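Once you've looked at the hints, dock chain B against the given chain A.
There are 2 protein chains.
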Amino acid sequence: MLLDGKKLRDELLLKYKEKIIDNNFKIKLAIIEVGENDASKIYINNKVKCCMNVGIDAKVYHLDENILESDLINLINELNEDETITGIILQSPIPKHLDFDKCSSLIKQNKDVDGFTKENVYNLYLNRKNILPCTVKGIIKLLEHYNIQIEGANIVIVGRGNIVGKPLALALENRNATVTLCHSKTKNLEKITKNADILVAAVGKANMITKDMVKAGAVLVDVGVSKIDGKIIGDIDKKAYEAASYFTPNPGGVGPMTVAMIIDNLIEMKEGEK
Amino acid sequence: MLLDGKKLRDELLLKYKEKIIDNNFKIKLAIIEVGENDASKIYINNKVKCCMNVGIDAKVYHLDENILESDLINLINELNEDETITGIILQSPIPKHLDFDKCSSLIKQNKDVDGFTKENVYNLYLNRKNILPCTVKGIIKLLEHYNIQIEGANIVIVGRGNIVGKPLALALENRNATVTLCHSKTKNLEKITKNADILVAAVGKANMITKDMVKAGAVLVDVGVSKIDGKIIGDIDKKAYEAASYFTPNPGGVGPMTVAMIIDNLIEMKEGEK
Chain A
1 MLLDGKKLRD
11 ELLLKYKEKI
21 IDNNFKIKLA
31 IIEVGENDAS
41 KIYINNKVKC
51 CMNVGIDAKV
61 YHLDENILES
71 DLINLINELN
81 EDETITGIIL
91 QSPIPKHLDF
101 DKCSSLIKQN
111 KDVDGFTKEN
121 VYNLYLNRKN
131 ILPCTVKGII
141 KLLEHYNIQI
151 EGANIVIVGR
161 GNIVGKPLAL
171 ALENRNATVT
181 LCHSKTKNLE
191 KITKNADILV
201 AAVGKANMIT
211 KDMVKAGAVL
221 VDVGVSKIDG
231 KIIGDIDKKA
241 YEAASYFTPN
251 PGGVGPMTVA
261 MIIDNLIEMK
271 EGEK
Chain B
1 MLLDGKKLRD
11 ELLLKYKEKI
21 IDNNFKIKLA
31 IIEVGENDAS
41 KIYINNKVKC
51 CMNVGIDAKV
61 YHLDENILES
71 DLINLINELN
81 EDETITGIIL
91 QSPIPKHLDF
101 DKCSSLIKQN
111 KDVDGFTKEN
121 VYNLYLNRKN
131 ILPCTVKGII
141 KLLEHYNIQI
151 EGANIVIVGR
161 GNIVGKPLAL
171 ALENRNATVT
181 LCHSKTKNLE
191 KITKNADILV
201 AAVGKANMIT
211 KDMVKAGAVL
221 VDVGVSKIDG
231 KIIGDIDKKA
241 YEAASYFTPN
251 PGGVGPMTVA
261 MIIDNLIEMK
271 EGEK
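Read top to bottom, the protein sequences are chains A and B.
Heads up, the first sequence is in the working numbering, so the first residue is 1 and it goes up one at a time.
Heads up, the second sequence is in the working numbering, so the first residue is 1 and it goes up one at a time.
For the record, the hints were derived by calculation from the structure and aren't laboratory data.
From a predicted model like this one, the values you see are computed outputs, not experimental measurements.
Incorrect hints may appear among the rest.
Listed next, with one range per pair, are the computed distances between beta-carbon atoms [said to hold, decoys possible]:
hint, chain 1, residue 1, chain 2, residue 2, range
1, B, G217, A, E273, 37 to 47 Å
2, B, K17, A, N162, 36 to 46 Å
3, B, Y146, A, F100, 34 to 44 Å
4, B, N66, A, P93, 49 to 59 Å
5, B, K41, A, H145, 31 to 41 Å
6, B, N188, A, K238, 21 to 31 Å
7, B, G217, A, H97, 47 to 57 Å
8, B, N24, A, R128, 35 to 45 Å
9, A, K187, B, K15, 51 to 61 Å
10, B, K59, A, E273, 18 to 28 Å
11, B, D101, A, H145, 30 to 40 Å
12, B, N77, A, D99, 24 to 34 Å
13, B, P251, A, Q109, 40 to 50 Å
Quick look at which bits of chain B chain A covers, simulated, 3 or more residues with Cβ under 8 Å [unchecked claim]:
hint, region
14, 110 to 122
15, 155 to 168
16, 179 to 192
Beta carbons are placed, not taken as given, at the ideal position from N, Cα and C, and that holds for glycine.
Chain A extracted, bound-state conformation (with noise of 0.2 Å):
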């Protein structure tokens, strides 16, 4: 069975939408883009879009390619201290004369829609109230949806990058799902995915999850991204979703979800304001 990542951010924008009018929240996204390049730009535009769909006002912040790092973390600060501001977001990548970790770690964790400041990922790994990194969330929030029981699950991510693996690691521990993170340097990985209740493949690494490394009945969860021929290619290789239960088709299970969590992040952050 599909999970419908497309269907359910659908449906959760116009509830977000609703929320939004309802409460007579004002709320101000800013993004701050540095330099030129065109993946930013369609991913910025995207979550401009989103935005305005909802009510959400978004300002882009450009920055020339070639900016002293302190005038960036004074745009920082300044944000951190603009009090219409709800959130905000430094779009990676950044030019490498620039410190993105340094310069992300230094918005306000109640302004962290990304959820990854150091305050935040202390707080996801301490299990205490954080903001969730909003693929993490979106996968979370997907297999909710489809009552897919993470508590006890045990769950085998493939891929420990710091955007997706491991946070989510930590947020399906403190789920009390059982998890194995794995990676490239893994032994037998087909051994380990085959028992998966939850399979996630995070890797970018096109059709690299057969159906042979799949447990029958297994969730599929594929959010990986590999251009081939212009055209998106996850890491799970189509044919494997003959032995799921239930998996997320790519393009259009993760994805979206991951734009709307933005939304639900705003939402969630404006909500803490009072």
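Same frame as chain A, but now just chain B:
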């Protein structure tokens, strides 16, 4: 075969002592004790003795159990600023009217002997240079000493506490192990532990890991401590040793290593000052 933590500790302490003399290191450890706790007194005594043995000056700052949080914070700040102090330990537990996580997080990252501050956890998470929590470091040193390969190993950790389970999972992932973190909500625990090349038990439930839960030839690391009739009993039933290639005795395995790693961390911090 025995993973002899006591023997390795003694060897390491001799090495540390030489190193401190050879480099003429002036190392000073501040241990903060709040209130009266019999178990804490024993732990603190062990730490002080161990420091004395290698030529480290350890001073215990004893505070009354009714102290204000602001007084504790003031002491931590003073010790942070004191250039003669190499490292600081806030001995847990502290009285309930004081917030342990908040106060211990105020210890400067480069004086954080226990490796529990926000900064150190964040660095561990990102696989950057960090101070490893002593038990975690002790387990890794013990495995390395006996040439047990961590990279690529399937490691199952039972117990997801903040002192051992969680940071150990991150540290072993950073060393390219494939880690599964189990806990009280894990289903079919025996099926998971049976796949472990290295099985770490850190729950504190006497003899919970039995021989039938262990793969033949596995490495067993027992961190659990339960007291039954005044005797220390580990999490791993001694009969399980028969199935193992290597095992830590308990007591005499991980425990002695933990104290030695306080010294290891202090030397690392002293060297980092240069």
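Structure-based check of each hint:
At roughly 56 Å, the beta carbons of B:G217 and A:E273 sit outside the given window of 37 to 47 Å. Against the hinted window of 36 to 46 Å, the Cβ-Cβ separation of B:K17 and A:N162 comes to about 40 Å, which satisfies the hint. Roughly 39 Å separates the CB atoms of B:Y146 and A:F100, a value that falls within the hinted 34 to 44 Å. Taking the beta carbon of each, B:N66 and A:P93 are about 53 Å apart, inside 49 to 59 Å as hinted.
Taking the beta carbon of each, B:K41 and A:H145 are about 53 Å apart, not inside 31 to 41 Å as hinted. The beta-carbon spacing between B:N188 and A:K238, approximately 30 Å, falls within the hinted interval of 21 to 31 Å. For the pair B:G217 and A:H97, the supplied restraint of 47 to 57 Å holds, since their beta-carbon distance comes to about 51 Å. For the pair B:N24 and A:R128, the supplied restraint of 35 to 45 Å holds, since their beta-carbon distance comes to about 43 Å.
Between A:K187 and B:K15 the CB atoms are about 33 Å apart, so this pair departs from the stated range of 51 to 61 Å. Our hint of 18 to 28 Å for B:K59 and A:E273 is violated, since their Cβ atoms are close to 45 Å apart. A hinted range of 30 to 40 Å holds for the C-beta pair B:D101 and A:H145, which are about 33 Å apart. Distance hint check: the CB atoms of B:N77 and A:D99 are about 28 Å apart, consistent with the given range 24 to 34 Å.
At about 41 Å, the CB distance of B:P251 to A:Q109 agrees with the hint of 40 to 50 Å. Against chain A, the region 110 to 122 of chain B contributes 4 residues with a C-beta closer than 8 Å to a partner C-beta. That satisfies the three-residue criterion, and the hint holds. Proximity of the region 155 to 168 of chain B to chain A, defined as three or more residues with a beta carbon under 8 Å from a beta carbon of that chain, is established by the 3 residues found. Counting residues of the region 179 to 192 of chain B whose beta-carbon sits less than 8 Å from any beta-carbon of chain A gives 11, enough to reach three: the coverage restraint holds.
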